[in-house]
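**Student:** Sequence:
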Amino acid sequence: MGKRNYTAGDRAGLISLSQGSCYWPGCSTPVLVFVKGRPKINLQIAHIFASSDGGPRAIPDLEEKERDSFTNLILLCKPHHDTVDKDEPENYPPETLLEWKRERETSGQAALAGLSNVTEERLQEIITDAIKQRDQQVKNALDRFAEIDSESAAALRELLDELDEFRRHGPILNEDTVSMLHSAASQLGHLPDSANTLSEAASKIANLEDSANSLDDAADKAAGLNDIATALNSAADKASDLSYIASDLRDAAARMEDFR
169 MGKRNYTAGD RAGLISLSQG SCYWPGCSTP VLVFVKGRPK INLQIAHIFA SSDGGPRAIP
229 DLEEKERDSF TNLILLCKPH HDTVDKDEPE NYPPETLLEW KRERETSGQA ALAGLSNVTE
289 ERLQEIITDA IKQRDQQVKN ALDRFAEIDS ESAAALRELL DELDEFRRHG PILNEDTVSM
349 LHSAASQLGH LPDSANTLSE AASKIANLED SANSLDDAAD KAAGLNDIAT ALNSAADKAS
409 DLSYIASDLR DAAARMEDFR
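Residue 169 is where the sequence shown starts when you use this note's numbering, and the numbers rise one by one after that.
Mixed in with the good hints, there may be bad ones.
[To be verified] Restricting the straight-line Cα-Cα distance to at most 30 Å, the calculated cross-link-like pairs of lysine-lysine (DSSO-like) are:
| # | residue 1 | residue 2 |
| --- | --- | --- |
| 1 | LYS208 | LYS246 |
| 2 | LYS254 | LYS208 |
| 3 | LYS233 | LYS254 |
| 4 | LYS204 | LYS246 |
| 5 | LYS233 | LYS208 |
| 6 | LYS246 | LYS233 |
[Stated by the list, open to error] Quick list of simulated restraints, FRET-style, between CB atoms:
| # | residue 1 | residue 2 | range |
| --- | --- | --- | --- |
| 7 | SER220 | CYS195 | 22 to 30 Å |
| 8 | ASP229 | ASP250 | 26 to 34 Å |
| 9 | LEU266 | PHE202 | 28 to 36 Å |
| 10 | GLU234 | ASN259 | 20 to 28 Å |
| 11 | PRO198 | PRO262 | 23 to 31 Å |
| 12 | ALA314 | THR239 | 41 to 49 Å |
| 13 | GLU232 | THR264 | 22 to 30 Å |
| 14 | ILE183 | ASP250 | 17 to 25 Å |
Keep in mind that the hints were calculated from the coordinates and are not lab data.
It should be emphasised that the depicted structure is a prediction, and the values quoted were computed from it without experimental measurement.
For glycine and all other residues, C-beta sits at the position ideal for the given N, C-alpha and C.
Just need the whole structure built from these sequences, with the hints factored in.
**Tutor:** Shown next, in the form of structure tokens:
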């Protein structure tokens, strides 16, 4: 087995363009699974042209960097990886795997490209098309279901007809609704900044209680000072009275000296 030199970009590209599942047509095995709350890669990287000279679909003169390049890689679940490389490699020539890669990644790239610079009009088209496709899938499923239980299928068709009648009274999504979705998406992009601002405001509000307590204490102390000032003023008045009394006593003493 040759040395594997996958870059982080190669792995990210495969996961992003895989549309979330094994490249084998029709296989729904997911790229990621959660184990104890943590995401784990659930698929294996497979080579279209073998990673070693003796492997399936090998090209002897192919350089190592080309063998491990993104263009030579796909994602497969273990059963399909074993089928392609070990069990039946003769039934899966490189042309087949290249076609799987082209079909999967071309549609994935188109989906990513379609999400860039989406206008309100384009958003409405995307949602409307998705609903129409969903309706067609439901109708196709009902046709198959009717072969098993015709009465239940008929009841479900009546519900669909009622829904279609409701839609005929107006568009599936009006301009106001789409505009609100578009505006909400734009505003949500600023949530990190808003969160920081709210956090700072919350911290300042939390400090207001301490400031209020300090002001309350200061008010109590000020009230106490007022009482002290009143007492001092009263003492001053009394001291002034004593001054007059002392003066009278001195006058009386002087008169007594005159009588001697």
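**Student:** Check the structure against each numbered hint from earlier and tell me which ones fail, lowest number first.
**Tutor:** none
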